[in-house]
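Q: Order-wise, the sequence lines are chains W and D.
Using the working numbering, the final residue of the first sequence is 781, and nothing's skipped along the way.
Using the working numbering, the final residue of the second sequence is 781, and nothing's skipped along the way.
Be careful, since some hints might not be right.
Here are the simulated lysine-lysine pairs, BS3-like style, with alpha carbons at most 27 Å apart [unchecked claim]:
1) Lys637/D <-> Lys779/W
2) Lys412/D <-> Lys676/W
3) Lys412/D <-> Lys473/D
4) Lys779/D <-> Lys766/D
5) Lys766/D <-> Lys274/D
6) Lys510/D <-> Lys522/D
7) Lys410/D <-> Lys556/D
8) Lys588/W <-> Lys473/D
9) Lys478/W <-> Lys457/W
10) Lys412/D <-> Lys412/W
11) Lys410/W <-> Lys431/W
12) Lys522/D <-> Lys588/D
13) Lys247/D <-> Lys478/D
14) Lys676/D <-> Lys410/W
15) Lys231/W <-> Lys412/D
16) Lys478/D <-> Lys588/D
17) Lys637/W <-> Lys274/W
18) Lys676/W <-> Lys510/D
19) Lys247/W <-> Lys457/W
20) Lys588/D <-> Lys637/D
21) Lys556/D <-> Lys637/D
22) Lys779/W <-> Lys274/D
23) Lys766/W <-> Lys779/D
24) Lys556/W <-> Lys681/W
25) Lys637/W <-> Lys588/W
26) Lys510/D <-> Lys412/W
27) Lys556/W <-> Lys779/D
28) Lys510/W <-> Lys412/W
29) Lys247/D <-> Lys274/D
30) Lys779/W <-> Lys231/D
31) Lys431/W <-> Lys473/W
32) Lys478/W <-> Lys431/W
Not the full set, but computed from the structure, chain W residues with beta-carbon under 7 Å of chain D [claimed, not checked]:
33) Tyr243
34) Lys264
35) Asp416
36) Ala418
37) Glu735
Keep in mind the hints are simulated off the structure, nothing from the lab.
This structure is a prediction, so every number in the text was calculated from the model and none was measured.
Ideal Cβ placement from N, Cα and C applies to all residues, glycine included.
There are 2 protein chains.
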Amino acid sequence: MSQAMGQARDHAAADVSATVHTKSDRLAGGKSAIDFQTEPARYRHWKLAVDGDVATLTMDVDEKAGLFEGYDLKLNSYDLGVDIELADAIERLRFEYPQARVLVLRSAKPRVFCAGANIRMLGGASHAHKVNFCKFTNETRNGIEDLSESSGVKSICAINGTAAGGGYELALATDYIMLGDDGTAAVSLPELPLLAVLPGTGGLTRVSDKRKVRRDLADVFCTTEEGVRGKRAVDWRLVDAVAPGSKFEDTVITRAKEFAAQSPRRASGPGIKLTPLKRTISPTGITYETVSAEFARAERIATITLQGPKASPPASADAMVKEGADLWPLKLARELDDAILHIRLNELDIAAIVFKSAGDPAQVLAYDQFLDANNDHWLAHEIRHLWKRVLKRVDLTSRSLVTLIEPGSCFAGTLAELPLASDRSYMLIGLHDGDNKPEAALALAEANFGAYPMSNGLTRLECRFLATPQSVETAKAARGKTLDAEEAQALGLITFALDDIDWDDEVRVFLEERASFSPDGLTGLEANLRFAGPETMETKIFARLTAWQNWIFQRPNAIGEDGALKRYGTGQKPVFDTKRV
Amino acid sequence: MSQAMGQARDHAAADVSATVHTKSDRLAGGKSAIDFQTEPARYRHWKLAVDGDVATLTMDVDEKAGLFEGYDLKLNSYDLGVDIELADAIERLRFEYPQARVLVLRSAKPRVFCAGANIRMLGGASHAHKVNFCKFTNETRNGIEDLSESSGVKSICAINGTAAGGGYELALATDYIMLGDDGTAAVSLPELPLLAVLPGTGGLTRVSDKRKVRRDLADVFCTTEEGVRGKRAVDWRLVDAVAPGSKFEDTVITRAKEFAAQSPRRASGPGIKLTPLKRTISPTGITYETVSAEFARAERIATITLQGPKASPPASADAMVKEGADLWPLKLARELDDAILHIRLNELDIAAIVFKSAGDPAQVLAYDQFLDANNDHWLAHEIRHLWKRVLKRVDLTSRSLVTLIEPGSCFAGTLAELPLASDRSYMLIGLHDGDNKPEAALALAEANFGAYPMSNGLTRLECRFLATPQSVETAKAARGKTLDAEEAQALGLITFALDDIDWDDEVRVFLEERASFSPDGLTGLEANLRFAGPETMETKIFARLTAWQNWIFQRPNAIGEDGALKRYGTGQKPVFDTKRV
Chain W
201 MSQAMGQARD
211 HAAADVSATV
221 HTKSDRLAGG
231 KSAIDFQTEP
241 ARYRHWKLAV
251 DGDVATLTMD
261 VDEKAGLFEG
271 YDLKLNSYDL
281 GVDIELADAI
291 ERLRFEYPQA
301 RVLVLRSAKP
311 RVFCAGANIR
321 MLGGASHAHK
331 VNFCKFTNET
341 RNGIEDLSES
351 SGVKSICAIN
361 GTAAGGGYEL
371 ALATDYIMLG
381 DDGTAAVSLP
391 ELPLLAVLPG
401 TGGLTRVSDK
411 RKVRRDLADV
421 FCTTEEGVRG
431 KRAVDWRLVD
441 AVAPGSKFED
451 TVITRAKEFA
461 AQSPRRASGP
471 GIKLTPLKRT
481 ISPTGITYET
491 VSAEFARAER
501 IATITLQGPK
511 ASPPASADAM
521 VKEGADLWPL
531 KLARELDDAI
541 LHIRLNELDI
551 AAIVFKSAGD
561 PAQVLAYDQF
571 LDANNDHWLA
581 HEIRHLWKRV
591 LKRVDLTSRS
601 LVTLIEPGSC
611 FAGTLAELPL
621 ASDRSYMLIG
631 LHDGDNKPEA
641 ALALAEANFG
651 AYPMSNGLTR
661 LECRFLATPQ
671 SVETAKAARG
681 KTLDAEEAQA
691 LGLITFALDD
701 IDWDDEVRVF
711 LEERASFSPD
721 GLTGLEANLR
731 FAGPETMETK
741 IFARLTAWQN
751 WIFQRPNAIG
761 EDGALKRYGT
771 GQKPVFDTKR
781 V
Chain D
201 MSQAMGQARD
211 HAAADVSATV
221 HTKSDRLAGG
231 KSAIDFQTEP
241 ARYRHWKLAV
251 DGDVATLTMD
261 VDEKAGLFEG
271 YDLKLNSYDL
281 GVDIELADAI
291 ERLRFEYPQA
301 RVLVLRSAKP
311 RVFCAGANIR
321 MLGGASHAHK
331 VNFCKFTNET
341 RNGIEDLSES
351 SGVKSICAIN
361 GTAAGGGYEL
371 ALATDYIMLG
381 DDGTAAVSLP
391 ELPLLAVLPG
401 TGGLTRVSDK
411 RKVRRDLADV
421 FCTTEEGVRG
431 KRAVDWRLVD
441 AVAPGSKFED
451 TVITRAKEFA
461 AQSPRRASGP
471 GIKLTPLKRT
481 ISPTGITYET
491 VSAEFARAER
501 IATITLQGPK
511 ASPPASADAM
521 VKEGADLWPL
531 KLARELDDAI
541 LHIRLNELDI
551 AAIVFKSAGD
561 PAQVLAYDQF
571 LDANNDHWLA
581 HEIRHLWKRV
591 LKRVDLTSRS
601 LVTLIEPGSC
611 FAGTLAELPL
621 ASDRSYMLIG
631 LHDGDNKPEA
641 ALALAEANFG
651 AYPMSNGLTR
661 LECRFLATPQ
671 SVETAKAARG
681 KTLDAEEAQA
691 LGLITFALDD
701 IDWDDEVRVF
711 LEERASFSPD
721 GLTGLEANLR
731 FAGPETMETK
741 IFARLTAWQN
751 WIFQRPNAIG
761 EDGALKRYGT
771 GQKPVFDTKR
781 V
């Protein structure tokens with residue numbers, strides 16, 4: 201099947217998915233689901249250009265190409281559709297352009313860098329969409345930072361006009377912010393004074409914890425609609441440098457060359473093509489090549505089944521590059537990521553995600569060993585970091601997560617992170633009656649002990665065993681061993697080991713119970729229990745900042761008929777309940 | 201004036217305060233304001249007994265003595281009134297019973313330790329009250345931990361029945377949890393399954409980060425209405441020990457004696473009496489001896505003015521003990537604490553708290569030096585830690601905080617923490633026209649460099665200068681020096697230095713602007729900007745957990761007509777919006 205045909209099928213299929221978007225937030229173009237797959241040829245809002253070791257991402261939002269009906273994306277304001285392209289471009293820089301060593305973010309619009317999230321979009325969006333939109337944009341910003349930290353591609357934000365709200369938050373995700381000094385260029389976080397909400401994409405945390413702006417100056421900055429410009433922006437640490445219009449372009453080029461020269465990126469040689477995912481979307485699920493997602497809507501359960509590798513790992517690094525996007529761990533990561541994002545934004549009624557797998561644990565371990573052996577190769581390195589990000593996305597998904605480890609499954613090495621990321625795991629002792637698949641096995645590998653840190657900086661095993669660090673060592677000693685249910689339970693790796701007699705009832709009761717609980721209560725509970733231990737800028741953004749923003753997004757002062765989000769642009773001032781809470 | 205007369209005046213006066221409690225949450229007994237002052241003779245819910253070095257706090261809630269109308273405090277369930285007594289008792293242990301070296305918490309009710317926060321109270325309370333109730337109970341639990349950490353009074357919770365929800369959260373604040381093993385004694389956090397909310401008093405964070413319960417076991421525990429008992433409670437780290445009924449009392453006594461013997465408490469008797477605060481409550485404010493709070497309700501501003509010491513510090517430690525509760529820094533801390541709590545719970549429309557002071561900075565510094573010189577004395581030690589807690593309470597107050605440093609003020613040493621705790625500070629250059637008070641001065645002392653850590657473990661100066669730790673050193677070199685506005689600004693200690701021409705307008709515009717912003721947006725903004733840097737269990741409780749709980753407390757699934765809090769006890773099941781957000 202040709203790529204174009206695949207895409208056509210893909211798009212047609214997307215339209216039969218269950219309609220979850222209501223009149224108040226109707227998707228544009230008659231679409232019934234948000235699609236996270238795109239590619240540069242289809243971008244409406246960004247241009248990705250790579251010149252030698254300098255990559256440039258130019259924001260040029262098509263105001264008529266909003267994801268939902270009812271608003272224009274004026275002044276480089278953005279919605280989720282714009283951010284899906286940005287996230288795609290960042291991913292392609294890793295895999296398709298290993299030669300890129302610096303990224304310059306800029307705007308094609310005169311006198312405006314980016315006006316932030318579109319306000320009419322926010323005003324019309326459901327609470328669930330606003331929350332998930334913010335989560336995704338936060339993940340994309342973290343991805344820009346990870347591109348620098350893990351892949352060695354330092355980023356520069358060249359602000360040639362106004363960077364307001366989400367526009368400045370995008371800049372904050374880069375390593376170096378340059379601001380034009382022409383009297384109009386300014387950075388601002390006007391969310392509170394204008395809209396009665398918080399900067400929702402990490403802005404407050406990056407101001408306080410990344411740029412370490414003094415708290416009282418941050419208070420002034422965040423309550424000043426027009427923002428800060430020129431030398432004061434540098435003095436207050438809001439930007440790294442200002443340059444007058446005449447010298448701006450030269451300075452950007454000079455800095456880009458400097459950063460490229462300093463880049464530790466080890467990559468060489470041609471990249472691989474991130475070819476479109478092959479998937480079939482039906483009313484009850486999505487079938488990919490290595491992943492399937494099945495939606496039991498009455499029970500409010502999504503079952504995601506991961507397929508183990510069909511063959512041994514490639515014979516060499518060159519063979520790995522040749523397989524490219526078809527390489528099993530890369531394909532699986534991309535498909536899993538797409539499935540999770542689809543559920544998050546399109547399947548809002550799903551209460552729990554059940555992870556299952558099918559395959560040979562030994563083959564999965566063989567792939568982990570292959571990636572370890574080739575850890576110095578840029579592609580193996582990028583695949584590990586992609587998995588790291590996908591697993592973080594799983595951790596941050598507001599659905600109950602459960603892994604069922606049954607006969608014939610392959611939760612080994614990298615895939616063993618899924619039961620560890622789950623709120624609970626159930627593992628079968630022995631076999632199901634009348635089944636002759638190999639007995640359920642769990643196996644750890646080197647990858648479980650450092651390759652995939654959570655947002656809080658700990659491995660999932662370190663976080664799990666916060667009380668008993670020696671349990672991490674005991675588990676480490678069992679690397680490579682296929683553990684049966686009782687062994688896995690003795691090591692503390694699973695929640696429950698059950699035999700066939702109890703299995704069906706226990707699992708059913710658990711899933712029914714989960715569907716019966718308050719969805720909001722579960723979101724709060726899981727967000728607290730999943731992240732024991734230290735906090736980082738990332739967890740601060742996803743917990744502290746996000747939770748406050750979610751609260752504010754529920755308050756009448758923001759979203760009520762007289763609230764600021766509803767009244768913005770009407771000429772009427774918002775009316776606030778003056779109680780401080 | 202006799203103590204009894206003072207109290208009578210006090211109570212009568214409390215009734216003329218502005219009525220802020222509405223029909224849905226009417227205070228019992230015709231009261232119009234919540235009073236945070238109490239004393240053991242007036243307790244309705246607790247008994248404090250000190251026998252040698254063992255203090256026992258026995259919970260025996262008077263179900264007819266609820267703070268609000270409309271509910272009975274059955275089964276040792278509590279409301280804010282119960283917690284006000286608990287907080288008072290903990291404070292008295294520090295000051296009145298320096299000989300106490302261990303605290304045993306227990307219940308006088310048969311087969312029940314504590315049923316947690318009263319559900320009918322929660323169902324009828326305003327959002328603002330629920331949030332502030334949770335904040336105060338969290339502060340009280342942190343106070344129990346601080347009693348152990350800072351004063352060396354280790355605590356034991358003796359659970360002789362069921363400890364549910366807030367009952368178990370109270371236990372979690374102690375150092376050692378003992379559970380009876382009689383088939384009925386159990387610990388549980390049933391908030392999510394029963395009420396669709398989170399344990400709101402630190403429960404989740406203490407389960408994950410203090411007791412380090414494995415996350416999947418914590419998930420099972422927090423979704424199991426009936427909780428966990430016996431050996432499983434020990435195995436899961438939920439309690440420290442179980443003992444059968446026959447041995448329970450003996451074991452409690454044995455443990456208490458052990459802990460008392462290990463206590464590092466340096467105190468030696470006798471304590472001082474925490475005499476009732478002398479205050480006059482009027483419709484527009486409260487006047488204490490060293491503090492006044494003035495409410496400009498139209499402008500939504502509370503001005504808290506702190507009076508510096510009238511005389512030099514006592515000549516000796518013995519003289520300090522003799523002054524007792526009249527000692528200036530102790531009296532000031534208690535009065536400031538009461539004023540802040542009053543505003544939090546009774547003056548919900550106040551947008552900003554303005555801190556002012558009047559007095560001689562040199563006298564304030566002299567008191568700081570006196571406390572430093574007597575740091576080994578139990579009373580000086582307790583006063584420092586009281587100030588630490590009061591300043592944390594200021595940090596955690598959801599109102600905009602601003603300090604005005606004007607001629608005649610005394611923001612020196614301990615009092616200099618107030619501008620540092622404020623969202624902004626303004627300092628006058630020179631004098632106000634026609635005024636002949638001494639020029640505005642700010643002075644730092646040793647106390648600003650370690651005595652008063654914030655919840656995040658940093659001093660306010662370390663947190664302020666996160667980007668430039670050398671600025672802390674520069675400030676340290678200026679200890680003892682009275683700094684004028686321009687010097688203070690050069691050191692980065694204040695936000696704005698203004699002369700008399702600009703002062704009135706700038707301050708007025710700022711306060712008007714603050715009152716015009718969304719109260720919710722400000723709460724979220726300030727909660728994020730005030731706590732740059734590391735997170736601790738305490739900040740996790742006040743930021744991550746609290747913010748999620750606040751969100752859930754706004755969601756229809758909890759508080760709507762069909763929500764769980766409204767339907768609890770009606771026999772009708774709640775109806776949930778099934779969207780996961």
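Q: All hints are to be evaluated individually against the structure, with a verdict given for each.
A: Structure-based check of all given hints:
1. Lys637/D <-> Lys779/W: It is violated: about 37 Å lies between the C-alpha atoms, which goes past 27 Å.
2. Lys412/D <-> Lys676/W: This hinted pair holds, its Cα atoms lying about 20 Å apart.
3. Lys412/D <-> Lys473/D: With Cα atoms ~39 Å apart, Lys412/D and Lys473/D exceed 27 Å; violated.
4. Lys779/D <-> Lys766/D: Roughly 20 Å separates the two Cα atoms, so the pair holds.
5. Lys766/D <-> Lys274/D: holds (18 Å)
6. Lys510/D <-> Lys522/D: holds (17 Å)
7. Lys410/D <-> Lys556/D: Distance ~38 Å between Lys410/D and Lys556/D Cα, so the pair is violated.
8. Lys588/W <-> Lys473/D: violated (58 Å)
9. Lys478/W <-> Lys457/W: Roughly 38 Å between the alpha carbons, so the hint for Lys478/W and Lys457/W is violated.
10. Lys412/D <-> Lys412/W: violated (31 Å)
11. Lys410/W <-> Lys431/W: Cα-Cα ~20 Å, so holds.
12. Lys522/D <-> Lys588/D: Distance of about 23 Å is within 27 Å: holds.
13. Lys247/D <-> Lys478/D: holds (25 Å)
14. Lys676/D <-> Lys410/W: Within the cut-off at roughly 25 Å; holds.
15. Lys231/W <-> Lys412/D: violated (46 Å)
16. Lys478/D <-> Lys588/D: Holds: Lys478/D and Lys588/D sit about 23 Å apart, inside 27 Å.
17. Lys637/W <-> Lys274/W: violated (57 Å)
18. Lys676/W <-> Lys510/D: Roughly 66 Å separates the two Cα atoms, so the pair is violated.
19. Lys247/W <-> Lys457/W: holds (20 Å)
20. Lys588/D <-> Lys637/D: violated (30 Å)
21. Lys556/D <-> Lys637/D: holds (14 Å)
22. Lys779/W <-> Lys274/D: Violated, because 31 Å separates the two Cα atoms, which is more than 27 Å.
23. Lys766/W <-> Lys779/D: holds (23 Å)
24. Lys556/W <-> Lys681/W: holds (20 Å)
25. Lys637/W <-> Lys588/W: violated (30 Å)
26. Lys510/D <-> Lys412/W: violated (40 Å)
27. Lys556/W <-> Lys779/D: holds (23 Å)
28. Lys510/W <-> Lys412/W: At roughly 49 Å apart (the allowed maximum being 27 Å), Lys412/W and Lys510/W break the hint.
29. Lys247/D <-> Lys274/D: With a Cα-Cα distance of about 17 Å, the restraint between Lys247/D and Lys274/D holds, given a limit of 27 Å.
30. Lys779/W <-> Lys231/D: holds (20 Å)
31. Lys431/W <-> Lys473/W: violated (43 Å)
32. Lys478/W <-> Lys431/W: Answer violated: Lys478/W to Lys431/W is near 51 Å, above 27 Å.
33. Tyr243: Tyr243/W check fails; min Cβ-Cβ to chain D is 29 Å, beyond 7 Å.
34. Lys264: Interface hint status for Lys264/W: violated (30 Å vs cutoff 7 Å).
35. Asp416: holds (4 Å)
36. Ala418: holds (5 Å)
37. Glu735: holds (4 Å)
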